[in-house]
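Trainee: Below are the chains, spelled out letter by letter.
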Amino acid sequence: MSTTAAHCDGCGTPLAGADHARCRARRAATDPPRYCAACGRKLVVQVLPAGWTARCVRCGEAGVAAR
Amino acid sequence: MTVIQSDVLDVARRQVLEGGEGLREEQVLAVLRLPEEALQDALALAHEVRLRWCGPEVEVEGIVSVKTGGCPEDCHFCSQSGRFETPVRAVRLDIGSLVEAARQTAQTGATEFCIVAAVRGPDERLMAQVSEGIEAIRAAVDINIACSLGILTAQQAQELEDMGVHRYNHNLETARSHFAKVVTTHSWEDRWATLQLVREHGMEVCCGAIVGMGETLAQRAELAAQLAALAPDEVPMNFLDPRPGTPLADLPVVEAPDALRAIAAFRLAMPRTVLRFAGGRELTFGDLGARDGVLGGINAIIVGNYLTTLGRDPQEDLDLLDELSMPVKALSETL
Numbered sequence: 001m002s003t004t005a006a007h008c009d010g011c012g013t014p015l016a017g018a019d020h021a022r023c024r025a026r027r028a029a030t031d032p033p034r035y036c037a038a039c040g041r042k043l044v045v046q047v048l049p050a051g052w053t054a055r056c057v058r059c060g061e062a063g064v065a066a067r
Numbered sequence: 068m069t070v071i072q073s074d075v076l077d078v079a080r081r082q083v084l085e086g087g088e089g090l091r092e093e094q095v096l097a098v099l100r101l102p103e104e105a106l107q108d109a110l111a112l113a114h115e116v117r118l119r120w121c122g123p124e125v126e127v128e129g130i131v132s133v134k135t136g137g138c139p140e141d142c143h144f145c146s147q148s149g150r151f152e153t154p155v156r157a158v159r160l161d162i163g164s165l166v167e168a169a170r171q172t173a174q175t176g177a178t179e180f181c182i183v184a185a186v187r188g189p190d191e192r193l194m195a196q197v198s199e200g201i202e203a204i205r206a207a208v209d210i211n212i213a214c215s216l217g218i219l220t221a222q223q224a225q226e227l228e229d230m231g232v233h234r235y236n237h238n239l240e241t242a243r244s245h246f247a248k249v250v251t252t253h254s255w256e257d258r259w260a261t262l263q264l265v266r267e268h269g270m271e272v273c274c275g276a277i278v279g280m281g282e283t284l285a286q287r288a289e290l291a292a293q294l295a296a297l298a299p300d301e302v303p304m305n306f307l308d309p310r311p312g313t314p315l316a317d318l319p320v321v322e323a324p325d326a327l328r329a330i331a332a333f334r335l336a337m338p339r340t341v342l343r344f345a346g347g348r349e350l351t352f353g354d355l356g357a358r359d360g361v362l363g364g365i366n367a368i369i370v371g372n373y374l375t376t377l378g379r380d381p382q383e384d385l386d387l388l389d390e391l392s393m394p395v396k397a398l399s400e401t402l
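Heads up: the protein sequence lines correspond to chains A and B, in order. The first sequence begins at 1 in the numbering used here and counts up by one. The second sequence begins at 68 in the numbering used here and counts up by one.
No lab work stands behind these hints, which were simulated from the structure alone. Note that the Cβ used here is the ideal one computed from N, Cα and C, for glycine as well. Incorrect hints may appear among the rest.
Here are the computed distance ranges between Cβ atoms for each label pair [as the list claims (entries may be wrong)]:
1. A/E61 <-> B/I162: 14 to 22 Å
2. B/D389 <-> A/T13: 16 to 24 Å
3. B/R192 <-> A/R41: 35 to 43 Å
4. A/A28 <-> B/P319: 51 to 59 Å
5. B/A397 <-> A/L15: 25 to 33 Å
6. B/A397 <-> A/T4: 19 to 27 Å
7. A/E61 <-> B/G149: 43 to 51 Å
8. A/A21 <-> B/G86: 36 to 44 Å
These stretches of chain A come out as covered by chain B in the derived footprint (C-beta under 8 Å, 3 or more residues) [as the list claims (entries may be wrong)]:
9. 32–38
10. 46–56
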């Protein structure tokens with residue numbers, strides 16, 4: 001898995017040159033990551049009652065969290 | 068008969084609190100139109116009604132999606148529809164993870180665990196997966212199992228009954244007069260028919276709504292009356308979380324006072340139902356919402372995360388119930 005964050009994990013577009021404040025607000029409030037931060041692809045996300053997992057079909061595991 | 072707004076709470080005190088008879092549609096509309104200065108009185112009355120007819124216990128539930136995304140239906144609020152360009156990708160949950168999700172839910176003290184799938188209705192593969200999952204949960208976790216699998220045939224309702232499903236969720240979502248603006252791939256009547264099948268097969272009926280999908284206050288009152296006519300065992304109240312990529316993405320989040328009026332009005336329309344705080348409450352109310360809701364007619368909550376979005380830390384809700392001296396309903400009381 002690449003750890004380079006080139007893309008917004010909320011909307012999938014490049015981080016550079018755009019305002020992602022709404023994406024960050026969503027991520028902080030109610031959303032797991034939706035896009036791979038490395039390649040910008042949509043993640044396969046499974047939300048569970050006490051956590052979530054996210055996987056990029058190209059880059060591999062993109063995150064696991066309890067909450 | 069026209070309901071005078073200033074009188075509606077006096078009428079409700081006699082009719083609902085003392086008599087146990089829910090408010091009618093025009094009376095519900097009067098509650099929804101109450102001025103802000105009357106809101107606390109409405110919530111206090113709804114709370115009294117809830118205590119009088121349901122008791123102090125709060126029913127706790129957890130939910131999980133076993134089949135996420137790729138749904139053929141076009142419910143305009145839903146990020147799991149395959150018809151909209153949303154960030155949600157299709158995924159299925161394996162049985163081991165399903166059992167673990169049930170275990171996590173039971174650890175919060177929850178008595179209900181709802182298995183949900185984003186489908187029009189279940190196919191043979193999904194029914195087999197649900198059957199296997201229920202069997203595995205029963206072997207490992209002591210909890211009531213509910214399902215939400217869309218539109219059912221009579222045969223499927225029978226199969227779910229045979230699996231021991233305790234409660235079946237199928238929301239009407241919005242008023243009959245507004246439904247076609249929210250969903251075009253099936254009808255309000257399709258949903259109503261499934262709810263009748265659920266009842267005929269002895270499962271508890273869970274049927275709720277999403278407030279804030281562009282309906283008028285009159286349509287919100289219409290919905291409350293239609294739900295009351297159904298007399299469901301449980302009514303989950305959701306507040307629209309406008310999801311990116313859906314047709315309702317640009318609608319505003321419901322204002323907290325309007326949401327609280329809706330909670331009070333629905334409780335006064337259905338004094339005996341399990342009225343559950345469900346999705347969207349975090350956005351609509353922030354952290355204060357749980358307190359206002361459970362002191363305004365709510366007597367059940369979904370704890371933890373939702374199907375594709377994250378909820379509050381369950382412990383925050385449980386601490387609040389403890390602070391308010393509201394016991395979590397025990398499993399033995401639900402059977």
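Trainee: When you take the CB atoms of B/A397 and A/T4, is the distance between them in 19 to 27 Å?
Mentor: violated (50 Å)
Trainee: If you check the beta carbons of A/A28 and B/P319, does the distance land in 51 to 59 Å?
Mentor: Given range 51 to 59 Å: violated, Cβ gap about 20 Å.
Trainee: Within 43 to 51 Å or not, the Cβ separation of A/E61 and B/G149?
Mentor: violated (25 Å)
Trainee: Take a look at whether the Cβ-Cβ distance between B/A397 and A/L15 falls inside 25 to 33 Å.
Mentor: At roughly 49 Å between Cβ atoms, A/L15 and B/A397 fall outside 25 to 33 Å, so the hint is violated.
Trainee: Check the following: the C-beta atoms of B/D389 and A/T13 are separated by a distance inside 16 to 24 Å.
Mentor: Once the Cβ atoms are compared, 44 Å apart, the range 16 to 24 Å for A/T13 and B/D389 is violated.
Trainee: For the pair B/R192 and A/R41, does the Cβ-Cβ distance stay inside 35 to 43 Å?
Mentor: violated (27 Å)
Trainee: Taking the Cβ atom of A/E61 and the Cβ atom of B/I162, is their distance within the range 14 to 22 Å?
Mentor: holds (21 Å)
Trainee: Hint says 36 to 44 Å; check whether the CB-CB distance for A/A21 and B/G86 agrees.
Mentor: Once the Cβ atoms are compared, 52 Å apart, the range 36 to 44 Å for B/G86 and A/A21 is violated.
Trainee: Mind checking, does the segment 32–38 of chain A have 3 or more residues with a CB under 8 Å from chain B?
Mentor: Three-residue rule met by the segment 32–38 of chain A, so holds; n is 3.
Trainee: With a C-beta cutoff of 8 Å, work out whether three or more residues of the segment 46–56 of chain A approach chain B closely enough for the coverage to hold.
Mentor: holds (count 7)
The structure shown violates the earlier hints numbered 2, 3, 4, 5, 6, 7 and 8.
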